[in-house]
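Trainee: Residue-level listing of the chains:
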Amino acid sequence: MKRYQTSGGPVDALAGVTLEVASGECVALVGESGSGKTTLLRCFNRLVEPDAGTILVDDVDVRQVNDVELRRHVGYVLQDGGLMPHWTVRRNVGLVPWLRDAPNAATLAADALTLVGFADRTFDDRYPRQLSGGQRQRVAMARALAAHPTVILLDEPFGALDAITRSDLQEMFAGIRKRRPVTALLVTHDLFEAQRLADRIAVMRAGRIEHIGTPREIRQAPATDYVARLVERAGLRRMEAAGR
Amino acid sequence: MNLTLALALAFTVAQGVPRSRPIIVASKPFGESYILCEMFAQLLEARGFRVDRRPGLGATEIAFAALRTNAIDVYPEYTGTGLLAILGDTTRRSPTQAFTRVATEFRRQYGTRWLPPLGFENTYAISVRRETATRYALRTLSDLARVAPTLRGGFTADFIGRGDGLPGLSRSYGLQFREVRPLLGAVKYRALAAGDVDVIDGYSTDGLIARYDLAVLVDDRRFFPPYEAAALVSPSLAADDPRAIAVLSELSGRIDDTMMRGFNRRLEVDGVAVDVVARAALDTLGLVVSSTGTAPAARSSPRASTWNSFVHETVDERGALAQRTLRHLMLTSVSLVLAALVAIPFGLVLERRRRWAEPLVRTTGVLQTIPGIALLAFMIPILGIGTVPALVALFVYSLYPIVRNTYSGVRDADPVAVNAGHALGMTAGQVLRHVRLPLAAPTIMAGVRTAAVINVGTATLAAFIGAGGLGEPIVTGLALSDTGMILSGAIPAALLALLVDFALGICERAVRPKGL
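Quick mapping for you: the protein sequence lines, in order, are chains D and W.
Under my numbering, think of the first position of the first sequence as 24, with each following residue one higher.
Under my numbering, think of the first position of the second sequence as 19, with each following residue one higher.
Bound-form chain W, shown alone (with noise of 0.2 angstroms):
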């Protein structure tokens, strides 16, 4: 049943796309963007449209691929990412001209379309804890570079690697640091915190820079294009829903700097759910309003302990923990049966035709070496977003352990067993068949057993292109730093991956010849 699905999928994201299925609404993985979706997506049901929401793709090359692609319709972008990190754009311009440039280049190159901005800036905030600030006496860059030497830089990779990140502001301003480290979002505001670096690249909105009240140095001498916020629209809702654009569009320039911190901070500081600070941005913009008094407020305490929150993650909502989970094991399974139906009859060919094997064997290998992130961003513009390519992403990581374990068992199995079949008019098949493979059974298990287990662990990256799964709570823990979440999805991922290991064992032991 699970294939029927994941075909019925493919064919769903295979076809040309009428208009009749909903829009498709997504983010990137961090808090504000989280917010934004929310907002377009209430906005648009308010408005009579049928929403699907897929939050937090992996990142921008994963949102525009499959934006651009139309396999979402809209997600919330900057006009400063748009220029350096797509376009490839570095001429410094003014917000006004930065929004002229990404709308004219976008709709000619790609067919998509940035709605009028938001009204509000995100642009980076080099950031420095309070008291770091006082004693050096640091309130611009330009002070900054006077005593970086002395100091630990914790950035993101994406900064330290982009031209228009770290290397260009080092260039800009003559920054040298002591020490420099690749820190994960979710995690540099802790780490700054707790005084493991110095000084980190924060965004200005970002309601983290309150909650730890951090000092922000001011960018004085204008390295960083302007970050508009604004909506970016696939050409296929462009093209055909003016109505949704103006939806959409009903939002631009309706939110300010200060607001959009306040809604970051009741997301990040206060803990409040995703709908619900979305639900009342929207009420208090006096965009909808809400009809049945407060929505149900599913988190509108203070902001709750890492226990309280993963208590709530795994109990209150157990629910959608036990959907995750057959998700993920649906994700798993399936491209687990998948990659044994191949990987086993292919290593059982090897094996008949020794001279290819070494190197095909060491091509699934290398397969295997593309990092997850990367393989799921090629094959967004082939198969979308959601299940399907995160089933094909899973299939192809479980082909080495098969087809290398199937070809090693059964080209290695006792030899005195095989001389001996041959010896006594077994043909090479008869041979294959009741000799060879029985005796490699185990070891094709374990083959398997090797693969389901990798596989549990890499489906939680499916939660990046919107395919679901324990990945979800992971990757939205991540970007709101809220560590019970993402232990509500990491601790059920690892015990499943212990009991599918347990479960494959039994198997294991049960495939291995009487006799042996």
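Next up, chain D with everything else stripped away, as it sits in the complex (with noise of 0.2 angstroms):
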């Protein structure tokens, strides 16, 4: 059982939110900007650090792991990818490897590309200008992947790309997690999107956790009206009516 907490500061960008997450689990955390759902997130590895209340991971308060070792123990994946753009494909993936002095760097790094669908090396040596959109959110996947990490942040990974590209990395990540079990925290503002990757949706207004459920809870029983007009506009009662 992991059990994560933080409560309000100053600015209230987050307050008295209480959010457990179980090993292997992956929630989602559903919201509008400025809802405060990537605050949360980067308390996990410390690129945000709350003004009150704690922050546990096997029972271990983060702020008592130095941060960078955290991070280099915490799997990321950022919003645009955030490769870097003068380091081969190679070479982004086995980042935190390296960091971390890994013997097998090399083989963490290969591995990692074949989870992500690259089993054929074709793009070891790709710089990230020449890739698809859909191939660098693949290599950034495989890049916070490497190190086998037992969490993993995932900052809107899919939302700059187009529908198809999307659905297609979606499939991807669900099947790395029934090879990989990894505890996932997934931020999105698409509710269809969580609904699918998510054992259980958090969805977030404000600061503060509106409703907490499984997909099916959140469809069938919203807490508030928010969290109702939400499950409206993004059409899934139709869904369900439509026998999914």
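Please keep in mind that the hints were generated in silico from the structure rather than gathered at the bench.
Glycine included, each C-beta is placed from N, C-alpha and C at the ideal position.
Do not take every clue at face value.
What the hints assert, rightly or not - Distance windows between CB atoms, simulated:
(1) W/PRO377 x D/GLY39: 17 to 27 angstroms
(2) W/PRO377 x D/ALA129: 40 to 50 angstroms
(3) D/ALA186 x W/THR381: 48 to 58 angstroms
(4) W/VAL434 x D/ASP82: 27 to 37 angstroms
(5) W/VAL434 x D/ALA186: 15 to 25 angstroms
(6) W/THR381 x D/ASP82: 49 to 59 angstroms
(7) D/GLU55 x W/LEU516: 50 to 60 angstroms
(8) W/LEU517 x D/SER56: 52 to 62 angstroms
Two chains, each in its own frame: build the complex with the hints.
Mentor: Structure (structure tokens):
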């Protein structure tokens, strides 16, 4: 069991948020811009330091861990990929194993590339500029997973892609979770994506969690009017009515 | 190897000087000063002294600062300049009184010594075209005051600014020109001849007054002080070498106005080389008898055209040209490498100390705005003249573009990549070294390139403090009004700048990381 909790600071980007994520579970943080979902995500690898409250990973307070060391053990996928433009695909994916001085860094990078569908190694020596948006995002995913982290944080990983590519990558991500179990926290503004990928969904609004539950619970018994409107707008009810 | 050379020179300059070194004979940057300098040098050599020549030092401030600090040993100076420009004494005096005054005061205040005057006076000669003089019936400066409001003056900046120059003259005669333009010494005669201006400040012994057939107006109120020429000697030479003083004194009282005007004409009008003019002069005075008949006449033909003179300097003297180019390249590259070694780490440190960054970057920018000649003049008391102060000045001028580009380059390096580095567990140092620095490399290199091109241009100023390089023919050419000679320095300098820009452009592409 993992237990994460933060509570309000002076600016109250987040206020009284309590969130527990089980090992191997995927929780989606859904909400509009400014709802605090990315801030909450960044508390987990200490890119944001809460003014009050605690964040525990495996019952250890993250503030007890050196921040740089912590980040090397938590996978992270940035919204726009965030690949190093001057590094090859191989070097990008090998970044975290290299930082951790892993003796088998090359193997780890190769495995991760296989995991995201680049088994044939044709992309190893390319630079990010030479890849499509979807390919870049696959590489970013491989980079986050290369060092076998137990926890992975994803910040709108598929946000900037066209609908078909996004769907492909969502499918890939679901496949990866089956092969390599990992606790995942996924930030998205897309409730449809959330219900497709996550075990549970936390709907956030103005720094608070409005409703947390399984996709089915969110669809069928939205806790507040806001959640209901969100479900309505995403067209999830209709899909359900259509027999999904 | 250039660095060791520079350091070795630094030591020579810094150590107290035992008299085993050659006597350094210098001049200010105009023809007459060159001739006298060369005469001093040849006379000393003929009497068995070793001599080092440093002609064409910046101006009064630079030459005198160098002399006072023993960076040079002797140069020709004028009593009026010593009185007004150095002592700031405006009391009206006879030539003898003026000499007594400077001789006493210079010895007391600076330890420098005036040898007895050479025998001629070279005062300001306010001149107009012959045709202007006839049209307005001008003979004296009082006559000029009548018609000045319809005339345009073209004077050296020095003359316009000095209290004993134009402002004092205007007050004394009630002069009021229609327009006053600052002109470089070398171009004012041509500007006058071409009719761009109507009145200039010439020197009474100038060869060019005869060349352009100008009318010199009489100073009927005796505004200008006496400008007797004499050898001015450094404290160290005055104290340590009475024999050298005796040799230099052989020239005292030997050169009169007519004679000096003749030497100047040979140099400035006939285009005879300085060493030839000086040798002939010493021969005429019976001080040095040329053993091998006439000396190798470098250029004893009548004044060459600009083209001929340019060809002479670049083809016949190609060895000297190559040497100057190499020296120019040495000055530029040593100062640039040192600047890069300091400025790049400095720029990187600033990225980690953002609060201090802008003020400090701007401070290096302010250094950039100090005029070259002023910076060189400041440094003479500390560093003397020659290579070391030139390198220091060029170093100072190279800092800003490199610091600015390094700091901005690493600060503005792809923020997405920088964030990703942090988020995945790179330390700040790793982000700097592996992300910011490689991404900023082309920007940093562009800064180095800018500094290099500026440096090639600025290094021509090094000639004003005797550091050589391609500025040498420019300074000499300006002094002798020899366009071909000026071009023989300016054109190679421009080509060198293009070449350096091109070469560093290749470096800039080479450091651009693949994938960008």
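Trainee: Are the hints correct? Go through all of them and say.
Mentor: Here is how each hint holds up against the structure:
1. At roughly 43 angstroms, the beta carbons of W/PRO377 and D/GLY39 sit outside the given window of 17 to 27 angstroms.
2. The given range of 40 to 50 angstroms is respected by W/PRO377 and D/ALA129, whose C-beta atoms sit roughly 46 angstroms from each other.
3. Between D/ALA186 and W/THR381 the beta carbon distance is about 54 angstroms. The supplied range of 48 to 58 angstroms therefore holds.
4. With their beta carbons about 34 angstroms apart, W/VAL434 and D/ASP82 fall inside the hinted range of 27 to 37 angstroms.
5. Distance hint check: the CB atoms of W/VAL434 and D/ALA186 are about 24 angstroms apart, consistent with the given range 15 to 25 angstroms.
6. Taking the beta carbon of each, W/THR381 and D/ASP82 are about 53 angstroms apart, inside 49 to 59 angstroms as hinted.
7. In this structure, D/GLU55 and W/LEU516 meet the distance hint of 50 to 60 angstroms, their C-beta atoms being roughly 58 angstroms apart.
8. Between W/LEU517 and D/SER56 the beta carbons are some 54 angstroms apart, a value that agrees with the proposed interval 52 to 62 angstroms.
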